[in-house]
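Visitor: Now for the letters of each chain:
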Amino acid sequence: MPEVRTETMTVNMGPQHPSTHGVLRLVLELDGETVLSAAPTIGFLHTGIEKTAEQKKWQQVIPLVERMDYLSAQSNSMAFCLSVETLLGIEVPERVRNIRVLIAELQRINSHLVWLGTHGMEVGAVSVMLYCFRERELLLNINEMLAGFRLFPSYMRVGGLREDLPRGFHDAVRAFLDRMPQKLDEYEDLLTKNEIYIERTRNVGRISGADAIAYGLVGPIARAAGVDYDVRKYFPYLGYETYDFAVPTRAEGDVYARYLVRVAEMRESLKICRQALDRITPSGPFAVADPRITPPPKDKVYTEMEALIQHFLIYSQGFTVPAGEAYVPVEGPRGEQGFYIVSDGTNRPWRVKSRAPSLLACQALARLIIGGLIADVIAVIGSIDVVMGDVDR
Amino acid sequence: MDSPALAALLRELVPAADVELAPSADRHTTVYASASQLPALARALRDHPDLDFSFLAEVTAADYWPREPRFEVVYVLVSMSHRLRLRVKLRVPGADAHLASVCDIWPAANWLEREVWDLFGIAFDGHPDPRRLLMPEDWEGFPLRKDYPVQIRKTPTSAEPLQVTAEEFRANVARDRLTRER
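Going line by line, the protein sequences match chains A and B. Under the numbering used here, read the first sequence as residues 7 to 399, first letter to last. Under the numbering used here, read the second sequence as residues 41 to 222, first letter to last.
All clues given are correct.
Here are the simulated lysine-lysine pairs, DSSO-like style, with alpha carbons at most 30 Å apart:
#, chain 1, residue 1, chain 2, residue 2
1, B, K186, A, K57
2, A, K63, B, K129
3, A, K62, B, K129
4, A, K304, A, K62
Computed spacing ranges between beta-carbons, pair by pair:
#, chain 1, residue 1, chain 2, residue 2, range
5, A, P297, B, R67, 20 to 30 Å
6, A, P187, B, P176, 43 to 53 Å
7, A, P69, B, R67, 20 to 30 Å
8, A, E39, B, P170, 30 to 40 Å
9, A, T326, B, D187, 22 to 32 Å
10, A, S289, B, D87, 52 to 62 Å
11, A, P303, B, D90, 50 to 60 Å
Calculated directly from the structure, the hints in this document are not laboratory data. Cβ atoms here follow ideal geometry from the backbone N, Cα and C, with glycine treated the same way.
Just chain A, with the same shape it has in the complex (with noise of 0.2 Å):
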């Protein structure tokens, strides 16, 4: 009879695998399939955006910090304007806070239906991906409407919008908005009360609510562990005081907890852009009437001479912020995200960090899945619902 092995075993998993959600590298120890440890490797998509950032002008940062993250790119953008806008100590028009609300709402929903369906196909639910991605199709016409791109829009900007919203753009917004309550029951009917599902993400990767704090995993893996932390609520911008939503929180702190805590996330977003759909006028002011920030329409610029200055200035200098710094977090679709930015009084940013909600969820990934079974390690990978473009940016 041959000897029995008892020797741990190590595996490289990725950085080339299909679930981790871009180029992550763990290396796994295994005694048989239990994980003994993990040592997750990050920095293959390191592209040094916030240095490149020091080398733009206040506008230009935003196509930059948008790709840093291609799920939460309305998100990333809003929260870049947002502390810029606090530097210059500008108030952008009531109607543009709805709009920047509605856009951040549906790129929420976006991007919980990228994760729901990668995170249902990797569990071995692969018609939830079709039918999650069948709705998202509709969010991408959606931002194709308002901005001609589908990933990357770059709508926001310092100051405002870029232009005011597209004729037809409520009534895509609203068919959508009814269409969706149907098709979350749909993706639950697939999943919530599925005995395959429950048994895979049910006590897996299970963290408790003091942990997640100290871990910095604000967000939907926070809620699902009972910490209703959400900056909406506790820090409210753009006027979040005025909307009527709940935040949900589940108190078990698994993987099926996290699933539970984001669809129902998608339903409270779909409240607030409902009620911010009737606040939003069809036309109105889409920026802060700021010459030294808004450029003048563009039939201005051909018959004034005064705006053609002006616009000429805003193109090539761009505008000053005043020295100082500004650090106004949201919530983005992964948990509390901001920009600390600094200002030396130029046209250009001192410093630009991204706060990373996915870094952290890195960071603690291996204290998820260490005890844990190794095909429990994807289940887990998805549901802490990592953007590797944000963890290394």
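Given the structure of chain A, go ahead and fit chain B onto it with the hints provided.
Guide: Positioned in the frame of chain A, the structure of chain B alone reads:
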């Protein structure tokens, strides 16, 4: 608690930290403190019942080269129970830049401090795993310093395979375990 009250409480708790209030555009309380008192200050911030800053949102730095002290390290803290936000800033000189690590107080600081070391070259004393985080291990220089060129071409100096030897792997695992046990 408003900003002056918060600063006064910190002065009372850690008198040696020289807490001074700084202006902030976003109306989050911002204080400068003396870098040598960081561990005591951090412990007071987390453990005092009137503060309870259990959530460390961010550790980052900014380089003000050629000014001296060159670096400012920023800790963004949130107290969920009191709905407070606080930014603690420490001035760090350019020569031999180092600070005490706060990993044992907030576990979230581990990778955030590694990132600051990686990109700014500010060392964190007592850090359980003081390696680079984003850049390759053999990278020279600290990219986010202001005297670091923006566009450079560099040929990779290492061409070893990704696979580590069994001894190296065991050493990595042991180091990793130490990190978690702390």
